[in-house]
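Participant: Protein sequence lines correspond, in order, to chains X and A.
Per the numbering used here, the first sequence starts with residue 1, numbered consecutively.
Per the numbering used here, the second sequence starts with residue 407, numbered consecutively.
FYI, nobody ran anything at the bench for these hints, they're computed from the structure.
Accuracy of the hints is not assured; some may be wrong.
Said to hold, decoys possible - BS3-like mimics (lysine-lysine), calculated; alpha carbons at most 25 Å apart, straight line:
#, chain 1, residue 1, chain 2, residue 2
1, X, 52, A, 704
2, A, 458, X, 286
3, X, 52, X, 64
4, A, 692, X, 52
5, A, 543, A, 470
6, X, 298, A, 434
7, A, 417, A, 543
8, X, 298, A, 417
9, A, 529, A, 434
10, A, 458, A, 529
Number of protein chains: 2
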Amino acid sequence: MAVGSNTFPNKMHAVSGFELGTASAGIKTPGRKDVVLMRICDAATVAGVFTKNAFCAAPVQICKQHLESTISRYFIVNTGNANAGTGQEGWNDAVATCTAVADLCGVDSDSVLPFSTGVIGEKLPVEKLISALPAAKNALSVDGWMEAAEGILTTDTRIKGASVQFSYQGKLVTLTGISKGSGMIKPNMATMLGYVATDVAIDQSLLQQLLIDATNQSFNRITVDSDTSTNDSCMLVATAQSDVRVSEGDQELLSLFSDSLVSIMQELAHAIVRDGEGATKFVTIKVESALTQEEALKTAFDIAHSPLVKTALFASDPNWGRILAVVGRAEITDLDLDALEIYLGDVCIVSNGGRDAAYTEDAGQAVMDAEEILIRVVLNRGAISETVWTTDLSHDYVSINADYRS
Amino acid sequence: MAVGSNTFPNKMHAVSGFELGTASAGIKTPGRKDVVLMRICDAATVAGVFTKNAFCAAPVQICKQHLESTISRYFIVNTGNANAGTGQEGWNDAVATCTAVADLCGVDSDSVLPFSTGVIGEKLPVEKLISALPAAKNALSVDGWMEAAEGILTTDTRIKGASVQFSYQGKLVTLTGISKGSGMIKPNMATMLGYVATDVAIDQSLLQQLLIDATNQSFNRITVDSDTSTNDSCMLVATAQSDVRVSEGDQELLSLFSDSLVSIMQELAHAIVRDGEGATKFVTIKVESALTQEEALKTAFDIAHSPLVKTALFASDPNWGRILAVVGRAEITDLDLDALEIYLGDVCIVSNGGRDAAYTEDAGQAVMDAEEILIRVVLNRGAISETVWTTDLSHDYVSINADYRS
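Please put together the full structure from these sequences, using the hints given.
Facilitator: See below:
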């Protein structure tokens, strides 16, 4: 199940200098596309954000080390096994994977970044993975985005991608990306997996900052089930193959590029929410005029995580009392209940400390019947606003997570 | 659905000086016992703890005021309507209820404490409630515990009670109590509703402290769905009708009494978890040798609230990777992954930063197959331990909260 129609673009624009190749290693399911190799050209810069889970998986730890030591030339992704909670053996397996890619492709081992996603705590079948590398290498192509989008999926029901182009002073700039994720989604630095490439040139330090800023407006603002993965990673590659350089010296271009990056990353993040495990609703939660970013985010995420709000959303039940109860327990210091307003879409449900005088059940019901729902909490005490995106909690969520080991 | 067999005692010992009377007002469901009046004798002291939800309901606000202004003589409880989120009208309705009890029973209005539980945000049908008061008054009896346990239920499937007696220097001391709660359970001061009476004499300030301490070992350590109610309240009454005075001057008696109080309140709290909405498992989560109480509680509650852990519990799936992932995201500063151990029952699942070398799936499965499951996280970094109790997340939880307005 997933919300709305698929948002995967008809056209995934190629990014010169960034190639993707997909193969089948049979890591968990025979015949499934489960290995993706990505090649990055020489002149590129690379930025990454990674999970803050203390138990971050061996490949994530190695990614961080390699990213710091040299410019990355290859990403190697496998699904079906997260290589997390696997101790020293898992570390060795991730290193072996990098070495195999390095030998095959004639680069240094520390220019290879490994990514694994799937079940936690089982040994990575590293021989299977390595045996699929030649096929993945042979498949490398700037047009490999759609196959790669399929190759990085686990419990997802849809491929996820976004692609935009804009012109600046007569020159074309391209940004294209893919993501995957459906459960264990409450990223804390990045989504499960995201890869975005662009053909502009950008210094690494600025690229990293742009990625962090965009992540905080996209992947770090979504939640399906409040669980932060051990393997979340998001990578941004600037191949420098177009004739455009993004820098702080050209604020107009920087702003254009930054907006496009945020837009594409929001699209990729929203696609994860729409494909959230068991999702039947796509829910936007805006907390407005808060005093601090912390209280805005806590209130928004508390609503997004409340099982009672999520089951009411599943039922299309305008049970506004449950939303009010969550705002009440969000630990907002000196909250003025009389100043607070809560809206379902455009319908005011709470004002003056209780149900809004003009509210009718029919008006609330009309908002809740839709597949896309906006919950807006106006605290009327400051200038900070934050938005997060989430799903409902359905029978299918329980089935997906209780009936199968994932 | 509920876990295990009912723990309601065969014998609820009467507490001299504390009477309970139950009646039907048809507040939500015609014929249902939904009004309970409790009478407290002259010499008693009364203590209370209340929800920390900022949107605490009108009756809770009035309870706090009245408890502070004079010694309480009557509790009046209704189910079917929480009188929460009802603004000034709700306040007036709660005051009118107190006045009606006061007029009927010949006491001051501020010696009456009102309690409401049920749906949030709908007007209390106060005339119905008031019309049932004479019947409730006529039913007042020291043997009214069992009927009252039924009269305070909402979505609960079981009555909940506990009763103990102990002898001290040849004198008998009695503690008896009832509770209710099944959903919107993550109390922050008290459960949905709890009433405990004892026949000893205790000064009010000591009584209040004993109640707070016992609450922090019982109702404040349980969670079904992470949602804190707007109406949580727990009351403790000492009627002074026995010949025993509990005071700090007699530490042996104080300790005996305090242990009995914790035991009875844990029994009442556990009964709520066992009857948690859709519950099929009763889960104890112990975090041991933590550095601070805060990190112990955060880790324990994060595990208790994780939808992925809760669905694995429902499936009896020893998916220990999900537990490990939660510990990893619990934001424990400088957590030493290699020192950490995690146990399912007596089976070690995590040590040395990964799956324990001796762990087998069969051993984990045997623990998970049981109805009562212990998850133990040993941080090995300090001297603090905390325990919380929770349920699994089942299809029935979704059905109960999506199919009915509660």
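Participant: None of the hints should be skipped; say for each whether it holds.
Facilitator: Going through the hints against the structure:
A hinted pair counts as satisfied when its Cα atoms are at most 25 Å apart, and residue 52 of chain X with residue 704 of chain A qualifies at roughly 16 Å. In summary, the hint linking residue 458 of chain A to residue 286 of chain X is supported, as the alpha carbons are separated by about 24 Å, within the 25 Å threshold. In summary, the hint linking residue 52 of chain X to residue 64 of chain X is supported, as the alpha carbons are separated by about 12 Å, within the 25 Å threshold. Between residue 692 of chain A and residue 52 of chain X the CA atoms are separated by roughly 24 Å; this keeps the pair inside 25 Å, and the hint holds.
Of the pairs offered as hints, the one joining residue 543 of chain A and residue 470 of chain A holds, with about 23 Å between alpha carbons and a cut-off of 25 Å not exceeded. Distance check on the hinted pair: residue 298 of chain X and residue 434 of chain A sit about 35 Å apart at the alpha-carbon level, beyond 25 Å; violated. With a C-alpha separation of about 23 Å, the suggested pair residue 417 of chain A and residue 543 of chain A falls inside the 25 Å cut-off, and the hint holds. Between residue 298 of chain X and residue 417 of chain A, the direct Cα distance comes to roughly 46 Å. Violation of the 25 Å bound is thereby established for this hinted pair.
Restraint check for residue 529 of chain A and residue 434 of chain A: the C-alpha separation of about 11 Å stays at or below 25 Å, so the hint holds. About 22 Å separates the Cα atoms of residue 458 of chain A and residue 529 of chain A, which keeps this hinted pair within 25 Å; it holds.
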